[in-house]
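Trainee: Using the sequences plus the hints, can you model the full thing?
So the protein lines, in turn, are chains A and B. Residues in the first sequence are numbered consecutively from 1, following the working numbering. Residues in the second sequence are numbered consecutively from 1001, following the working numbering.
Do not rely on the hints blindly, as some may be mistaken.
Said to hold, decoys possible - Chain A regions said to be covered by chain B (calculated; three or more residues, Cβ under 8 Å):
1. 81-94
2. 342-353
3. 393-402
Claimed, not checked - For each label pair, taking beta carbons as the anchor points, the in silico distance ranges come out as:
4. A:Phe407 / B:Asn1227: 43 to 49 Å
5. B:Thr1196 / A:Val212: 57 to 63 Å
6. B:Phe1225 / A:Gly163: 37 to 43 Å
7. A:Gln278 / B:Leu1008: 53 to 59 Å
These aren't lab readings, by the way, just hints derived from the structure by calculation. Beta carbons are placed, not taken as given, at the ideal position from N, Cα and C, and that holds for glycine.
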Amino acid sequence: MELDPLILSRIQFAFVVSFHAIFPVFSIGLASFIALLEGLGYKTKNPVWITLSAFWTKVFAVVFGMGVVSGIVMSFQFGTNWSNFAQASANFLGPILSYEVLTAFFLEAAFLGVLLFGRDRVPPGAHLFSAIMVAIGTLISTFWILSANSWMQTPAGTEFRDGAFHILSWGEAIFNPSFKFRLMHMVLASFLTGSFVVAGVSAWYLLKGREVEANKKALSMCLWLLLFIAPAQAVVGDFHGLNTLEHQPMKVAAMEGHWETSTNVPLLLFAIPDQENQTNHFEIGIPSLASLILTHDFDGEILGLNEVPVEEQPPVAIVFWSFRIMVGLGMLMILFAITGLVLRKGGRLYKARWYLQGLRAMSVAPFLAVLTGWFVTETGRAPWLVYGMMTQAESVTPSLTGGMALFTLIGYILVYASIFTAGLYYLMRVLYVGLEGDGGHTEDEADRPARPLSAAHVQFEYDSEENSANPAKTANEGGQQ
Amino acid sequence: MEVFDLALIWAFIIGFGIIMYVLMDGFDLGIGILFPFAPAEEDRDTMMNSVAPVWDGNETWLVLGGAGLLAAFPMVYSIILPAMYIGVFLMLAGLIFRGVAFEFRFKARSSRYLWNWSFAGGSTIATFAQGAVVGAYIQGFNTVDGVYVGGALDWLTPFTVLTGLGTLAGYALLGSTWLILKTEGRLQDWAYSITTPLLITVLVVFGIISVWTPFVDPMVWDRWFSNLGIIWILPALTLLCAFQIWRSVRNRFEGMPFVATMGLFITTYLGLIVSRWPYVVPPNYTLWDAASAPEAQLFLLLGLLFVIPIILVYTAWTYWVFRGKVRAGEGYH
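Mentor: This is the structure we're talking about:
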């Protein structure tokens, strides 16, 4: 059997990107949360914020570290596996990715050192500043990487000549037609991820009765945030869909499982797309609703997949099902946010164990939603790499053999599987140790006796000791300033 | 646009980025290379803490090098990366294992030895691969019409193995002189004691490479033995730096060994550039052949000139925050 370097490179890139994506999507949301906690701690001098911040910073450090190392791989993969694409698109992607490094990565990396190790070395204001810089760095990074990806989806401001893309307008290329929708969708997804993970972990601590005061605060904050972000994400997603219909109609046709161009298109809740026969089996749908959603008109016409030959259609089943999983999870998130509000009004928010259990389970939902969302947008543009201009087949490295691509694919899977397993293990350990393992005061950590993790009365004792020790310390630091 | 030779400016910028990377990530990779030989486990904690707050920023220069190369000289990027395909994979795998070790090692208990190996092995493999890239660059690449046409392991030759080993010794030297600067007591004594042997190793390997290089490519021979006599100042300065390292270690100076080692790297690096100038993909393509479109080079240049000074300022600030000697118990872990 001949090994195909194109297929193997696609699998490899999809694997690396999917693995990488789950870390930044979490760390972007978490970085802003940590900056917020640091800000609250700085302003109110209430040590509970710093305790929370110190704890979540530990989680952040692990997640960020794994995001960085897996991200470095991607920046080299353009060259190793997609050198034709790299060469052709360098005039745009080179500067954009370089700007990401210059304006985001250096900022994150430099101030992360101070955020993690500098609490006792810099004044509180400088520490807060570092937390804010890290958070801003993650958002700037999102800006550039989404611009690069959006340009590949909806290329603008460029012309293709002499085997390379040339920029006619930087403004049009960077702020290309789908950019703002993708950027908002991604930033909201990151905040959703951060909020649901923090909410889920806090709920778990509350179920265990650990550090009740701090975790109630964290949970409450997240639920207020979710109440706004989750519905906003649905609205942004709708606008994004309309934009995709305009620029990438075949992607939308695949998302809807829609084969023939027609009006009064039903919204399919369930179907088994059959690309070979260009039809669906077992359709269950709501009449005319897809037309209404996409064109805001019951009689709206939507292009079908068979407008283009089969070889130019995206893999329909992947796009169709990924889209349904993403939207379903999004609906579930809105439901959880609203339920939270209802329980809060009834004063049962921290007592309803079923709800806290549900939140615990929901902490994986945003990751699944983000991954399936990326599957929709990335496989949905196949066979194009730069939509309408350059195909995946034209982009692959000419000297690459199937054997080489297979070797590194297996290599990356082994490397990532081992560090992912270890990373999850240590993350779980950080969560099990919990807030009391740190308390925001690292310098005397070594002097403390080891505590049994589940002995609640010990923690109460500890909490009071913490609260009495802390104001003195902050006052002292305030005096030094 | 004719007034400025943008490609030339970019060659200087990329050159600057690469030496920044080598000097900065060089010492923290060196810490990893020296890791297994440390006198005690407690010293390993200190070694890691000495670089933990800054290694991530150091490594960012590598990412800048990669992205900057794509932006300014896409031909270099799209020839050397496919040519070094397996080597690049090894380097990345090494950097991954090494990078996560910073976080995992302090959270591990019984499995800590695994992360010691992950840190040491990852640093060693990544360094060797980087040295091999230098060797492969001196060797040149098999290209047709701007596309790499060679095999997967063409880069792996006795010569590149030697440059890989030379880089290992060089980074280890950066690491040991960094430890002299940042530690005290037993660990510092140990760092002093290994610096001179490492220096001798570096000089021997560099010497063999220098003698060998002109035979690998006749153009290099021509460059050094033609009428450009002034370039011999570079090897002279290299030897002067080496002497300075030896002398300052003997006198137990704390800062000078590290500074002189950086000097050694800079002069060697300049010597390498002189050997190959202006070829960026030897033996066929010069920096002007490999350049991207002027509009792309200019667009990035404007931002870069503005942002790099800011980066240097806050990077310097973080080094200042973490100035002074490190001890084992420090850090947030």
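Trainee: Next step is simple, just say for each hint if it's right about the structure.
Mentor: Comparing the hints with the structure gives:
1. 81-94: holds (count 9)
2. 342-353: Answer violated; 0 residues pass the 8 Å Cβ test.
3. 393-402: holds (count 5)
4. A:Phe407 / B:Asn1227: 43 to 49 Å: holds, 48 Å
5. B:Thr1196 / A:Val212: 57 to 63 Å: holds, 59 Å
6. B:Phe1225 / A:Gly163: 37 to 43 Å: holds, 40 Å
7. A:Gln278 / B:Leu1008: 53 to 59 Å: holds, 56 Å
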